[in-house]
Every structure is written in C-alpha cells, then in structure tokens.
Amino acid sequence: MTTQAPSSSSSGAASPGQSMEPQARLDLYRTMVLCRTYEEAILREYHADKGPGFDIGKGLIPGEMHLSAGQEPVAAGVCAHLTADDAITAAHRPHHLAIAHGVDLRAMTAEIFGRVDGLGKGRGGHMHLFDPATHFSCSGIVAEGFPAALGQAFAFRRRKTDRVAVAVAGEGAANAGAFHEALNLAALWALPVVFVVEDNDWGISVPRDLSTAVDSNAVRATAYGIPGERVEDNDVDAVHEAARPMVARARAGEGPSLLEVHTLRLWGHFEGDAQGYRPDREKVHEDDPIPIYEKRLRDAGVLDDELVQQAAADATTKVEDAIEFAKASAVPDPSTATDYVFA
Amino acid sequence: MTITETPQGTRRLTTSKAMVEAIDQEMARDESVFYMGEDVGAYGGIFSSTTGLLDKYGPGRIIDTPISETGFIGLGIGAAVEGMRPIVELMFADFMGVCLDQIYNHMAKIHFESGGNVTVPMVLTTAVGGGYSDGAQHSQCLWGTFAHLPGMKVVVPSNPADAKGLMTSAIRDDNPVVYLFHKGVMGLPWMAKNRRSTDEVPEGEHVVPIGEAKVVRPGSDVTVVTLSLSVHHSLDVADKLAEDGVDTEVIDLRSLVPLDRDTVLESVRKTGRLVVVDEDYLSYGVSGEIVATVAETDPGMLRAPAQRVAVPDVPIPYAHDLEYTVLPRQDRIERAIRAVL
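One line per chain: the protein sequences are A and B, in this order.
Letter by letter, the first sequence follows residues 1 to 343 of the numbering used here.
Letter by letter, the second sequence follows residues 1001 to 1341 of the numbering used here.
Hint data in this document are derived by calculation from the structure and do not stem from the laboratory.
All residues carry an ideal CB built from backbone N, CA and C; glycine is no exception.
A hint or two may mislead.
Here are the simulated EDC-like cross-link-like pairs (lysine to aspartate or glutamate), alpha carbons at most 20 Å apart as the crow flies [what the hints assert, rightly or not]:
#1 1270/B <-> 1298/B
#2 1214/B <-> 1200/B
#3 283/A <-> 299/A
#4 160/A <-> 1298/B
#5 160/A <-> 1031/B
If you want the ones that stay clear, here's a sample from chain A, every Cβ over 12 Å from chain B, calculated [said to hold, decoys possible]:
#6 225
#7 245
#8 273
#9 281
#10 311
#11 339
Modelling step: build the complete structure from the supplied sequences, incorporating the hints.
See below:
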C-alpha cells in the first residue's frame, strides 16, 4: 500500500497550468463557464416567482436550492480526468459536478423543475439526481453518498475494468462517520475511488475552524494510509494537476486517494440565505475563480475576446435550451404519485 | 402453492442450512451474487447464515467486513446500482441504528427518486428476535420499522422450506429485500429451538413468491395471524386447543411488504375471530396493521374484538423470567385465543 505524506499546493508554487496544453485549459474554462451560466439561469428562474416576499415552496422551481457558484474549479478540474463510464457521487450541491461529468442538461433541468422528462420524472429534485448513463448520483444526506461510490468501484473492479468512482462532498462531511468508514474500507480493499472534499469554509453558517479539528482534511488520509493532498487555492489548474495522479492511481488498481480543495461558496448555503453570519459577504466576489482564471488565460495567450464571447454564447445556448425544454415538459400526473416505489 | 418448480425430492434440513442452500445455488447460477458482512467468512455467520460458503466461493465472494455497517451496506447499494446482486448481512437487526440512513434514505429510495431508472437488486439479511437473555440491544425484531419505511420488500421466513424459497426470490428480485431470520428458528445447536426448525426442504430450485402468506394450519373457529418464531408457538397452542375442540387457523404472513391482506381477510371472514401474534413491539406495528386491515374492510366480520399479543411497549428485559413475560409465548397466545372465543 502506498503511503504518502499529505502535501498542499499554494499560489507561491509554479503555476501548474503552465505545462498544460492550451486546449485543455480552454476546456476547463469552458466547463466552468457552462457551470456558472447554468447556476445563474437556475437562480433567475428560482427567484422569478417566489413572491410576494419569499415563499420557498412556491414557483416553477420549489424547495431548497443549493447552487455551486464559486466551486466550478473542483468540478472542472476533477471531471476532466473522467469519462462517462466512471462514476460520481455528489452531495446536496451537485449541479457543477453533474454538468462537468456530462449529465444531460435537458433531463437534469427538467428534474429540477419537477417534470416528467426529468432524470427522476419529478420524484427526485435537485438533491436527488440519478443518471445511469453517466453513473452520476447524489445524496442530500451529508457524507452518506461516500459509501455508494465504494460499491460502484467494487463492481468496476469485479468486472476487471479500469473504471473509477469519485465521491464528492463538502468539508462538513469529513467530520461524519460515513466519510471515515468509506475511507477505511476503500483503503483496506484498495478500491478505485477518489475522495474529493470541497472545503468552501462554511457548513451552512458554521465556519470550518469551529467544526473541524485539523487545518487540512488531507491529513486525514494519513490515518488510512492513502495519499492526500489539499489544494489551497481555488485554482482549476491546480485541481486538475492534483487529481491527475489520484485518478491514475485508482485506474491502475493501486487504491484510493483523498483530495481536498479550498474552494469558495460565492452565494448562500441555499437561496434565501441572507448570510448575516458571513463577514466576507461584501467582497467575496473578488475571489470569483472564473474571472481570475480568465485573466490568467488571457495573459498566457490562451484566451481572447472572441473565445470568451464564444464560450459565453455556447453556454447560454445550451442552458437556455435546457430551461426551455424543462418548462415545456409536462408536470407529473397526480395519479402517478405512488409509482416507482418498486421495480 | 409455494413450490413453483417441481423439486427432485426433499430432505430434512435446519432453517440455516436451507437458507445457505439457496444462497449457494444462486451464487452458482449467477456470478453477480456475493455475500458480505461481519464474520460471514471463516466463522460462517454468527447465526450460521453462510456456513461452508467461503470454502466453495472464496474470499472474493464471501466477504468479511470490518465493523462498519454504514460503509459496507452503502457499498452493497453502490454495487447493486451497477448491476451486481449483493447479499449484505447486518448481524443483528438491533444494529440498524448505526446504518439506517443507508437503508431507508438510500437503499429504499434510489429507485423512486430516479423515477424507476435505477434499480437496487440487493438483499439485506439480518437476525432478529429474543428468548435467550441477550438483552435490550440484541433481541429485537424491528420488522415493523423496516416495513413502515417505503421502498424495501420485507420477508420473514419461519421454517426451513420458506427460508430457502424466500431467499431464492429475494436474490432474484430487482428491488431491495430485507430478509429477517429469527435466531430461534435457525436450528442452531447452541440455542433452544422449536422442533419445526428442522424440516423437509425441496432439493434443487425452490422459489417462494414474495408477498404470499400461507395458511399453515386450517381451522374454522379463530384466525391467528402471525410470523416468524411466533408461528411455531401459535401452532403449539393450536394443537393444545384442538384437544378442547377449538379449531384454530394459523396464518404465517411470511412477507410484510408486500402484505397479503387477502389471505388474512378471507380467513377472518370465515372465522369471525382474530388474534394477531407479533414478537415486535405492540404499538404502531404489524399487529395494528392487521387489525386496521380488517377494520377498514369490514369491521362487521369480527364477532368478538380482536386481540393483539405482542411485546408491550418496553425494551426486551435481560432476566429470563422478565423476558419471557413480555415475549409472545404460548401462555399469552392461549389466553388471547380463549378471550375471543
């Protein structure tokens, strides 16, 4: 078993993107833009008809809504190493991961709108997206999505494939038992899993230094004898670079790894969260990873005005098509409310 | 009838051996079946649920796990989602508390939440029941709790042939199936056992459909609806009362989800008298569900108020005499039957 001391990257080190092909970086940028464009559109549609005031159960998109703006570097950087044959389990904030993994935007959006053409025919909602075509799933229970990834990895290995499973959740999940049970089992049986912790500093309103006994969850990898790394900046190039050997290790049958990314929750825990507890809420946009990456790629000659506009236009076209599709899909017939309990 | 395939013959087996035989036959038939749990390898299962299987199938398919129920039950779910057919053992049903989220929020809900696009063909086996002074955390039945939560089928065999037939069905089912085996019916050499825990079992393929109750003793005076070890206690009482001219019909529910309400109603319509015997807790459980089924259909079919014999709402006590006071044993069953006559 490979044991490796946890390490961390920081902005002081050489930029990991410098060794990457320009096209690969352009793809990362486009993926992040698509994720953000999607969340902005869901934000618009979600709030369009919640009034007067704010009624969470009202409107075309009812219920809790956890949007992922700011966390795009994790999704883009990790998923770039995966194919649709690999599995991802996500948590309650899943859209960026679903998009980056290639879940069909139309079916996903129809599910968020609670329509019959949705991934779950309106039974799941935005925290319960299941796409067998890309082996994507999520769970609304913090940390409890980790164990299923072990089973997918187990099945992939039993079938003698090199497919991997990626389990993603926030830093709050790393304090829950399911996380630790999953790491122990995956390490014990050398399962092809990559664990990814999205540290966005906040467990709803509780800052990570009031919830977590260690500065880096990557050090917890040591307890299970597996490689662990924390990416300190919310930098897609760095995430991409850190995830590469972890996915490769899993594919090679050498076992699991743990990646933590210090990312950013640009918006509230859920829509409607006024974030009064958050001292940085006025200037958080300054750390928005997408403009920062855009500038870096412009400086490197990878991006120009035309490519930026093209990325935005492509994303808008895809997202608005998905929104239109969702709105045109029928609402489920109430007479089918008890369907699908059993196969 | 329960036997859907013509068997080559029968032999007398304990319930545990019959259960293992079904697992063995299905593992031989289907490469995607594997068995995972604590002490299921070299030990063969604390309650002999996997005896001999490690030697035959090896550690790749008969898998000892750490004490990590959330981890390995979740692993079973993920493997099932990818098309394998895991059998995962929770050593005692009492341990559901450490892994219930995986069971009821994941195993039982994924098919529904996916709008039917994902199936979870998994069997969760678990030992239930008391009667041997194992105390409040190792003696519960809890089948009513599993059955209350939607999305999992629940089967509770009471005898060797059904243990085999229901296991075969559970493994082949495309839904999660919770398979609860009572320690007192397994025929274990180290625990008091009912004489019926060793009985005739069909050789070869044997399938008992999930969702079909069985009239295990036809009668005309009173209906006893029961399951698991209590079936045997009820049959003991029925034999005794027959000497007094009381003709007792005993129904073994065998499945709780789906529940065969028709068989219950048909019997109560005939006898007009109902006793429900359930080793689970009294309130909010199986016994209330059976009485409600009659009340919702036609309360007029009862010629006397129904009686429920269950564990009064108290944790299972340790001391033998206390435990036997709260368990639905023969004495309490007989009193209840006499009360409705």
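Hint check:
1. Between residue 1270/B and residue 1298/B, the direct Cα distance comes to roughly 13 Å. Compliance with the 20 Å bound is thereby established for this hinted pair.
2. Of the pairs offered as hints, the one joining residue 1214/B and residue 1200/B holds, with about 16 Å between alpha carbons and a cut-off of 20 Å not exceeded.
3. Taking the CA atoms of residue 283/A and residue 299/A, the gap is about 24 Å. The hint is violated against a cut of 20 Å.
4. For the proposed pair residue 160/A and residue 1298/B, the alpha carbon gap of about 58 Å is over 20 Å, so the pair is violated.
5. Between the alpha carbons of residue 160/A and residue 1031/B the distance comes to roughly 13 Å, so the proposed pair stays at or under 20 Å and holds.
6. For residue 225/A, the non-interface assignment is confirmed: its Cβ lies about 14 Å from the closest Cβ of chain B, beyond the 12 Å cut-off.
7. With a closest Cβ-Cβ approach of about 24 Å to chain B, residue 245/A is found to remain outside the 12 Å limit, as its non-interface label requires.
8. For residue 273/A, the requirement that its beta carbon stay farther than 12 Å from each beta carbon of chain B is met, with the minimum near 24 Å.
9. Every beta carbon of chain B lies more than 12 Å from that of residue 281/A, the smallest distance being close to 32 Å; the non-interface claim holds.
10. Every Cβ of chain B is farther than 12 Å from the Cβ of residue 311/A; the closest lies at roughly 31 Å, confirming the non-interface assignment.
11. Chain B draws residue 339/A into its interface by the beta-carbon criterion, the shortest separation being 7 Å against a cut-off of 12 Å.
Figure legend: structure checked against the earlier numbered hints; hints not met, in rising order: 3, 4, 11.
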